[in-house]
Amino acid sequence: MDIKDIIKPENFVYGKSKVLTDTVMHYCPGCSHGVVHKILAEVIEEMGIQDKTIGISPVGCAVFAYKYIDIDWQQAAHGRAPALATATKRLYPDKYVVAYQGDGDLASIGTAEIMHACNRGENIVVIFINNAIYGMTGGQMAPTTLLGMKTATTPYGRRADLNGYPLKITELIAQLEGTCYVTRQSVQNPGSVRKAKKAIRKAFENSALKKGTSFVEIVSTCNSNWKMTPVKANKWMEENMFPFYPLGDIKDR
Amino acid sequence: MAFKGAIVVDIEKCKGCSVCVANCPTQTIALAKKVNSKGYPYCYMENPDNCTGCGNCATVCPDSVITVYRVKI
Amino acid sequence: MAEKLLKKGNEAIALAAIRYGADGYFGYPITPQSEVMETLMEEMPWETTGMVVLQAESETSSINMLYGGACCGKKVMTSSSSPGISLMCEGISYMAGAELPCLVVDVIRGGPGLGTIQPAQGDYFQAVKGGGHGDYKIIVLAPASVQEMYDFVGLGFDLAFKYRNPVMILSDGAIGQMMEKVELRDPVRRLTDKEITEKYGHWATVGKPASRKGNIISSLSLAASEMEAINLRLQAKYQKMRENEVRFEKTMCDNAEYLLVAFGSSARICEGTLEIARSKGIRMGLLRPITLFPYPETAIREMLPQLKGIMSVELNAGQMVEDVRLAVNGAVPVEFYGRMGGSIFSPEEVFEAFAKKFNL
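Line by line, the protein sequences give chains A, B and C.
According to our numbering, the residues represented by the first sequence are 1 to 253, in order.
According to our numbering, the residues represented by the second sequence are 1 to 73, in order.
According to our numbering, the residues represented by the third sequence are 1 to 360, in order.
Careful: at least some of the hints might be erroneous.
Said to hold, decoys possible - Pairs of lysine-lysine, DSS-like flavour, derived with a Cα cap of 25 Å: (1) B/K72 x A/K8; (2) B/K4 x A/K232; (3) B/K72 x A/K235; (4) A/K67 x B/K4; (5) C/K213 x A/K52; (6) A/K168 x B/K13; (7) B/K13 x A/K227; (8) A/K52 x C/K199; (9) C/K213 x A/K16; (10) A/K67 x C/K213; (11) C/K213 x B/K13; (12) A/K18 x C/K213; (13) B/K38 x A/K8; (14) A/K52 x C/K280; (15) A/K211 x B/K33; (16) B/K72 x A/K210; (17) B/K34 x A/K16; (18) C/K240 x C/K213; (19) A/K232 x B/K72.
Calculated from the structure, these hints are not laboratory results.
The structure presented is a predicted model; accordingly, all values stated were derived computationally and were not measured.
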């Protein structure tokens, strides 16, 4: 069968979501952000909620998320996305509000905001990209950096006595009464991408049901700052990140 | 039931990360020797006969550059 | 006949917020302004007007809740006192940069640091000269009575939306805590979501219909040329504020040879000083800036031909006096008298300082 006979509209099975813009993402080749943006856009498209969804972008690599997902966006100060999301959701209870944050944004400078938004049980969706490093500023230690991991500010590897321990903030979040769904996912292969997408969809559905805060961590790679190829970074993540940050639902009620 | 598939790559938007290559179960995809205008080698169907249209490549593509088509045979 | 109540300045802020149709209040307790949120919680406006009232986990969070609410085209406000406002300055800069309307009430206490809970005016620079980073301005209203605390909530929201810019009510612990008669104005209805979409849907994040591109609210622009263009646009807006929004009040200025300049509670005390001076045959007047930005520099300058001297009277080490001197530009002597750290001067004390400085 000739390729030309296959590539026809009636045979289309999968392509770019209509909720993604045509702007080329600034992310490095192989960055997990792109995959998460894609599945977030697909969930918004499939639920038909493009006109009802307000996104909050962080400070960090995902600051420009607003260029890529075609919804209304607020660009928050570093760590404050949950505060913006709180007010937005309270003032528009029928909209879907999603805060998209990295590990430095959510688990370091914005710890108070995320803890209290989750504890109040704000009916928002939080997507937490944990790649264990500061991407945009050039690879410094993040709160989630693993022990021994080399970064620009831990050039000889993270040491507990000097730098403290990697923070499992998702486990802390799961302890809070206000959260209804807390899960840890990844997007390095087709199966994990599908699972992560299901988790994000569930988070959005929870938000409509006013069950409380849904929190989806995506264990991710930052191959540039990890100084690996994208494929090698995915493997390194599976071997080193997953044992410390195990995948799966931590809370679902 | 067997399937036959094909992909279309948005060559200019491909960054050549090769995550699709690593995730293709039928060794259909490879990175081209040529590069796009940004200097990235882009992915293409090196062995188009192998493609089953499973969509794994497009699912893991961070830049949504792959469109997948599939027919039953 | 309008309803009149005896209320604290802080309570008046809360009642005004509800009656001027505020959509949201987000705050954090701090003396001497905690009655604002306490009054709102007692009034339960979410049961009547639908106004959201939320106690945040910090002032940092409060101001960023304002950022989110303002992005939605809603009328949002907070109140705090000096140390809390310091924490909010980051957010105020972001909101000025992103051109968002909001109302911030600062009931000043003595500083620096944790300072004291007594009234002071030591945050003039912070409010008027920036506080946060970057070249931005906010409109600053300085009430001198409980009635003005009430009225400036309405005025503040109007100006915030007129210019899409943060507005601050710069009060102090004296005005916040004292009780006075306040006349409640006719209530203003909150806008419906539909009305907000019609009015502000071209910029606000209200959900993107298929008919338009996504609204993006951000203060970020990495290209220097773009960022400079944004700055020039902001500066042009601030110039419009200077041209259109200067407010002040003159007392006994017509034949004055000497002028006191004072705002807020200092201005009230200076009214007593005027009486003392006039009783002694000294032709003294008082100019009370109501807007601290934009500053009534032209009003001061126009009086220069009749003046022998000016004294700026403030509850700080001398902050507004710098703006008086800029307006006067050396044409007449400009003196300063102030107390700090929560101490307040009496009318007599101000007169004595004045007489000494001008050898009268």
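Structure-based check of all given hints:
Distance restraint check for B/K72 and A/K8: the Cα-Cα separation of roughly 13 Å lies within the 25 Å cut-off, and the hinted pair is therefore satisfied. For a cut-off of 25 Å, the pair hint linking B/K4 to A/K232 is broken: about 30 Å separates their Cα positions. Only pairs whose Cα atoms come within 25 Å are accepted, and B/K72 paired with A/K235 is rejected, the gap being roughly 34 Å. The hinted pair formed by A/K67 and B/K4 fails the criterion: a straight-line CA distance of about 35 Å is larger than 25 Å.
Taken as a hint, the C/K213 and A/K52 pair is honoured in the structure, with Cα atoms around 14 Å apart against an allowance of 25 Å. Annotation: proposed proximity of A/K168 to B/K13 is violated, straight-line Cα distance about 35 Å (limit 25 Å). Using a Cα cut-off of 25 Å, the hinted pair B/K13 and A/K227 holds, with the two alpha carbons roughly 23 Å apart. Note on A/K52 and C/K199: the hinted pairing holds, with a Cα-Cα distance of about 18 Å set against a maximum of 25 Å.
At most 25 Å may separate the alpha-carbon atoms for a hinted pair to count; C/K213 and A/K16 meet this at roughly 18 Å. Pair hint A/K67 plus C/K213 holds up; C-alpha atoms about 11 Å apart against a cutoff of 25 Å. With a C-alpha separation of about 22 Å, the suggested pairing of C/K213 with B/K13 holds against the 25 Å cut-off. The straight-line distance between the Cα atoms of A/K18 and C/K213 is roughly 13 Å, inside the 25 Å bound, and the hint therefore holds.
This hinted pair does not check out: B/K38 and A/K8 have alpha carbons roughly 29 Å apart, beyond 25 Å. The straight-line distance between the Cα atoms of A/K52 and C/K280 is roughly 69 Å, outside the 25 Å bound, and the hint therefore fails. Distance check on the hinted pair: A/K211 and B/K33 sit about 52 Å apart at the alpha-carbon level, beyond 25 Å; violated. Restraint check for B/K72 and A/K210: not satisfied, since their Cα atoms lie roughly 43 Å apart, outside the 25 Å limit.
Taking the CA atoms of B/K34 and A/K16, the gap is about 24 Å. The hint holds against a cut of 25 Å. Simply put, C/K240 and C/K213 have alpha-carbon atoms about 29 Å apart, too far for the 25 Å limit, and the pair is violated. A threshold of 25 Å between alpha carbons decides the hint, and for A/K232 with B/K72 the separation of about 35 Å lies outside it, so the pair is violated.
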